[in-house]
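> Here is what each chain is made of, one letter per residue.
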Amino acid sequence: MCLRISLLLLLFFLIGNLSAQQDREQQALDLIEKRIEYLTQAYEESELDFTTLFDDLYFLYENPLNLNVATREELESTYLLNDYQTTQLLLYRDKYGELKSKYELIHIPGFDKTTIDLIMPFVEIVPPKAKQTFPLKKAIKYGRSELIVRHTRVLPNSEGYALISDSERVESPNARYLGSPDRIYARYRFQYGKKLSFGITGEKDPGEEFFTGSQPQGFDFYSAHLFIRELGPIKQLALGDYHLQIGQGLTFWSGFGFRKSPSQTVGVKRYAQVLRPYTSADENNFMRGAAATLNYKMVDLTLFYSNKRIDGNLQYISDTSAAEQVGSFSSIQATGLHRIPSELEDKDAIKEVIYGAALDFNLKDGKIGVVAVKTAFDPELNRNLQHYQRFEFEGKENFNAGLNYQFSINKFNFFGEGSFSQNTNYPTISGDSSLEAYANQIPNGYQPDVVLKNTQGVAMLNGVIMNLDPRFKASILHRYYSPDFQSLYAEGFGERAGVKNESGFYFGAEFLPIKYVSVAIFYDMYKFPWLTSSIDKPGKGNEFSGQVTFNPMRKLEFVFLYRNEGKDKNYNPGNEAINPIYTEKRERYRVQMTARVNNYVSLRTRFETSRYKLGNNAQDVGYMVYQDLYIDGFSSKLSLKFRYALFDTKDYNTRVYAYENDLRYQFYVPAYYLKGSRVYGVIRWKVNKITTFNFKVAQTFLSNQETFGSGKDEIKNDTRTEIKTQLIFKF
Amino acid sequence: MRFSIYLLTLSLLISANQLLASNNNYPVGARAGAMGNASVTFTSIYSGFHNQAGLAFIDRAEFGISYRNNFLLKQTGLKSAVFAIPIKKIGVIGVSINSFGYNAYGEHKFGIAYAKNFGDVFSFGLQIDYLQTQFDDPYGNKGVVIGEFGVLGKLTDELTIAAHVFNPTRAYLQKEIDDRVPTIIKAGLGYQFSGKLLTSLEIEKDMDITKPNVKAGIEYKPHKAIALRVGINSNHVKASFGVGVYLNNLVLDIASEYHQTLGFVPQFSIKYAINKKKANVPAN
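Chains A and B, in that order, give the protein sequences. Using this note's numbering, read the first sequence as starting at 2 and increasing by one per residue. Using this note's numbering, read the second sequence as starting at 44 and increasing by one per residue.
Honestly, the hints are just simulated from the structure, not real lab data. Take the hints with a grain of salt, since some may be wrong.
What the hints assert, rightly or not - Cβ-Cβ distance ranges computed for the label pairs, FRET-style:
hint : chain 1 : residue 1 : chain 2 : residue 2 : range
1    : A       : Asp379    : B       : Gly306    : 41 to 47 Å
2    : B       : Phe178    : A       : Gly575    : 37 to 43 Å
3    : B       : Phe307    : A       : Val592    : 38 to 44 Å
4    : A       : Arg260    : B       : Ile317    : 49 to 55 Å
5    : A       : Gln457    : B       : Tyr173    : 52 to 58 Å
6    : B       : Thr119    : A       : Ser534    : 35 to 41 Å
7    : A       : His388    : B       : Thr119    : 31 to 37 Å
Note that the Cβ used here is the ideal one computed from N, Cα and C, for glycine as well.
Turn these sequences into a full structure, and let the hints guide you.
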């Protein structure tokens, strides 16, 4: 009897623990997604690659960071704490010794309840353990594997998949896609703590063939990586595919980097991790080769090499005297799509070699790093450049060198990078007839100096983050990227992607003026010293964003957002010889309410309006309203999310962006435009300990339009349906 | 309640002025300049140029001199001086003088102000100005008398609100060609997060310019003798920054504005308290 009761009790505790465990996982996943949603909420791109950030945070959930031993670097790499909080935590540890419990955190300056709630699933507070060694046997035994298989398809099929006769196909081979409209993605990854990671990823885009024709090896794109940390003097070792991210991204930054966002108003500083495993499916923006970081005391030396083939449009010029063909390429194809013969021709046409070294000095309150990178293409890039592209990269080789720094003084954290580029065989003005002709067109006295010096460029970024008060944080950032700065893998802070032709001042602030209310604002003023694709003169613009969050209670949240941007733009309705420049004005207003109705159901309602005005034209207005329903409380194994959205915008200019819940690892921010509705449902079901099943179906209906898209992507129907299925196995 | 009254006042002030065009009301003082001239809530002698109601909180005789150079051109300098003295039971009397330009063109302003505060919570200020526009021969000079009026309220220890009107009578400089002195309305708030951190926000509307100018500024004192400042303006688009040094009776401020198209506007100002009393660093 006694035994039975104790067994029952034991069972009860086990179940209790088990469900607590699952709840914790669910909670961590929710937090990660909320965090990413928060970061993405004002991003205006349809698909964002947050796989790496998701992986990092999920890894932290599985291997919580011990706050009693975590280094500054480790704390920064979590993206959860800011510099001030990190510094204060380290100071606190220095002063009072190790932390005893999480309740102690609240006494550290800069830590509030929200921060503590946010970090809790990803950190632990336990006595320091002995440093782990790297036993390979143990790694294989205790490591974890994850396999993801995903299938996506859009219905009905677009024109590119319609049937045509063989004779038509022979006549115009590029009129139809070769493969099926399915998108298939598979990824396997093995991880042992932070020490070891290896994996392989494969992806087939819609329209690409699969195990047939041009793709006998199956997927169109494969990526594999092996990544080892802390192996003797080797701090990081990457073989296969990896990301290289340095400083503030001016010299080199492969992969996604944060720019401006209403939710990251103060957090404009980048935390470069130098090397990280590459696990995404972007077919161009990564490194393929080998890299290693060696550590000696306070010095880190990173050597990297990458050699891969990228897509490009090749041109052959017959050189009769040499009796052979000399090639050059006219553009880089960054889409990664290989659906038709002409795209397949461009596949892997160019050899890209990148190599270099970075040296980092880790000081007590800061860091100084230098980096040098050489990029070479074979054959060389030879484009027919427009005037606005006058300073863009051309030729065979490019060299970049940069210096980056960060240091803290009191409540101020300074950071920045200076970078220099040299194109080793850029056509000079005297040798280039088109450039000479162009320079001659410019009337005397208006000839910009920059036309004449075009082989070297500089880029600079300097910023400071200030924790002025427990209730007030602010940041200031200045950047200057000269028009002739050339770096093909740079991704710095700015209005435009890449690092070129921009200068500006950015101000961000976050503050808590009264109880329950938090405010995040930024103001950015920028200039383009040279022409851009849409402005036929040196242009300028400015942008303001203000977001107020009102949290009267835990279960209820209101968000108000206002954004306003004014920017120069060509506008030539009268067909004049020279494009007149007008101001293009955009405004956005958003009101959002999120409420937890009971233990099972949450609701979110959003209303957003977007205004667009070009020059003296009438203002266009777009509206969007959506209702979300989340059901997650019945079981920790099942969650359901639904949305019904209505939108009415005049055209693409007044579009409204909204984050959508999607499959795990997928982050989707589509633009809602024209007139119609969109509805979706997402199911996430944890079938058993090993298997998780995700399913999404979404449908867009347009009431004033008979078709979606254009060309081969045209869908002749008033609805467009996406079906996404994903299976995740963990073992 | 106080807050809703404030909101009402502010909205009335903002909505009441969808009217008509120019510029004569120069901001003076490098402290304000560094904070984007979001200075309507400030209470120092330089309030003589921003909002005379701010003068009412001065507790001893002070004077200040200031120089600002617009866009690094020697012809566009602005020289200013101000003096103010509190008189028991009467209020604060101030005198200010402004001189812009060079021998071929100049704008000058001479003002006498009176300000009074009630219980250190509310204050108002009035100023009579003589404005003179000076041209090279053979055009000669032209003068006009105008008024200014301002109010300021300290709602809580943290929050100050204020409003100011420049030229409420819409005085003419030259009636025949409808050349009026601009009428400019400002309203703003200052929020003191702590003894070290002050933020201010202000909306300025020139009756002759459709778009209002939104201004914001931050002042941070890492040390009681040093202030770091930064500010922004929306119309025209400007950023500004500066430093202040507090030495007993003397305050030195330097700043620069940065105009997106026209460039830098460097400026400096000094302020001296005539009494021997230990310097009372103004909180606002």
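> Compare the structure with each hint and give your call.
Going down the list of hints, with the structure as the test:
no., hint, result
1, Asp379/A to Gly306/B: 41 to 47 Å, "holds (45 Å)"
2, Phe178/B to Gly575/A: 37 to 43 Å, "holds (40 Å)"
3, Phe307/B to Val592/A: 38 to 44 Å, "holds (40 Å)"
4, Arg260/A to Ile317/B: 49 to 55 Å, "holds (52 Å)"
5, Gln457/A to Tyr173/B: 52 to 58 Å, "holds (57 Å)"
6, Thr119/B to Ser534/A: 35 to 41 Å, "holds (36 Å)"
7, His388/A to Thr119/B: 31 to 37 Å, "holds (35 Å)"
Checked against the numbered hints listed earlier, the structure breaks none of them; every hint is satisfied.
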